[in-house]
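Please model the complete structure; the sequences and the hints are all you need to start from.
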Amino acid sequence: MNINWFKYSSPQTFYPLAGRMIPWFAWAASIFAVIGLYISFFIAPTDFQQGEAYRIIFVHVPAAWMSMFIYMVMAGWAALGLSLNARLPAMMAQALAPTGAIFTLLALVTGSFWGKPMWGAWWVWDARLTSELILLFLYLGFIALQSSIDDPRKADKAGALLALVGVVNVPIIYFSVKWWNTLHQGSTISMGAAPKMVTTMLLGMLLMALAFWMYTIAVALMRVRCIMLERERASDWVKERSLSAGGNA
Amino acid sequence: MQWSSWSAFFDMGGYAFYVWFSFGLTALCIVWEILALRKRSAVALNLAKLLAQDK
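Top to bottom, those sequences are chains A and B.
With the working numbering, you'll find the first sequence wraps up at 249, consecutive numbering, no jumps.
With the working numbering, you'll find the second sequence wraps up at 55, consecutive numbering, no jumps.
Careful: at least some of the hints might be erroneous.
[Stated by the list, open to error] Listed next, with one range per pair, are the computed distances between beta-carbon atoms:
#1 A/Ser235 to B/Ala8: 53 to 61 Å
#2 A/Ser148 to B/Ser7: 49 to 57 Å
#3 B/Val43 to A/Thr46: 45 to 53 Å
[Unchecked claim] Chain A is faced by these chain B residues, among others (derived, beta-carbon under 7 Å):
#4 Ser7
#5 Met12
#6 Tyr15
#7 Trp20
#8 Arg40
#9 Ala44
None of these hints come from the bench; they were simulated from the model.
In this text, a Cβ means the ideal position worked out from N, Cα and C, and glycines have one as well.
Here it is in structure tokens:
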């Protein structure tokens, strides 16, 4: 394949491309979510230990996976932006941060609502929970730092450095259940070992994770389009776009 | 099928509050994020339009 990637690396060509991609990812997310929710609530059996409360797993684990995955992707875009000194990768990093923060918050809150009936506590200062809370602070710190610097190129650089330093936290979250004695249960799925759960439960979880993944791409593309319009509002391509967008587009 | 009736489904084996809160909050966050982005996009386009018409 011989695609000219540089052609798509400028905001004015990426803007319409992103616009055309959004509906596809939105549809994929919806389809995965419908099938995933159906399996989560109607096919997956009751857990013999936790009863029906375990069904929180179908949002909790995918949200927790996404919180870590989005951070890695965000840091990757930030590193690319820093090393190439390019606008688009930095905008992608900026577009991912709020969605990552939302998934981190959801992982923490749904975990809390699972912990209360199972452990008897909303919160414990356990290694897994604490490191996930630090992830939320890293996302919020990244967002706050970027918005506190007026010059967008300087904001990109500062944000990228914070994002890269914070990467060290992701393996800590992931391996925390192995490295320390945590109240949080171990991984349900680990690479190289047979999963310790019923296939339908696993399938529901994977489908929900796919739905969240497609959703993340769709909203990140929506947000990166907003960021492009906001940051390049003085440029000719944004003016042309806005005039051709009609009524109250 | 795991449920004897719809009320058994909504009761979630006595864990209704915890289960439905988790799923409800997730749905709420998703809807909020999409609506907020649509609004942000409309505001950005309108602002760009005003700037473009200025000249």
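Cross-check of the supplied hints:
| no. | hint | result |
| --- | --- | --- |
| 1 | A/Ser235 to B/Ala8: 53 to 61 Å | 59 Å, holds |
| 2 | A/Ser148 to B/Ser7: 49 to 57 Å | 51 Å, holds |
| 3 | B/Val43 to A/Thr46: 45 to 53 Å | 47 Å, holds |
| 4 | Ser7 | 13 Å, violated |
| 5 | Met12 | 4 Å, holds |
| 6 | Tyr15 | 4 Å, holds |
| 7 | Trp20 | 10 Å, violated |
| 8 | Arg40 | 5 Å, holds |
| 9 | Ala44 | 4 Å, holds |
Going through the hint list in order, the structure does not satisfy hints 4, 7.
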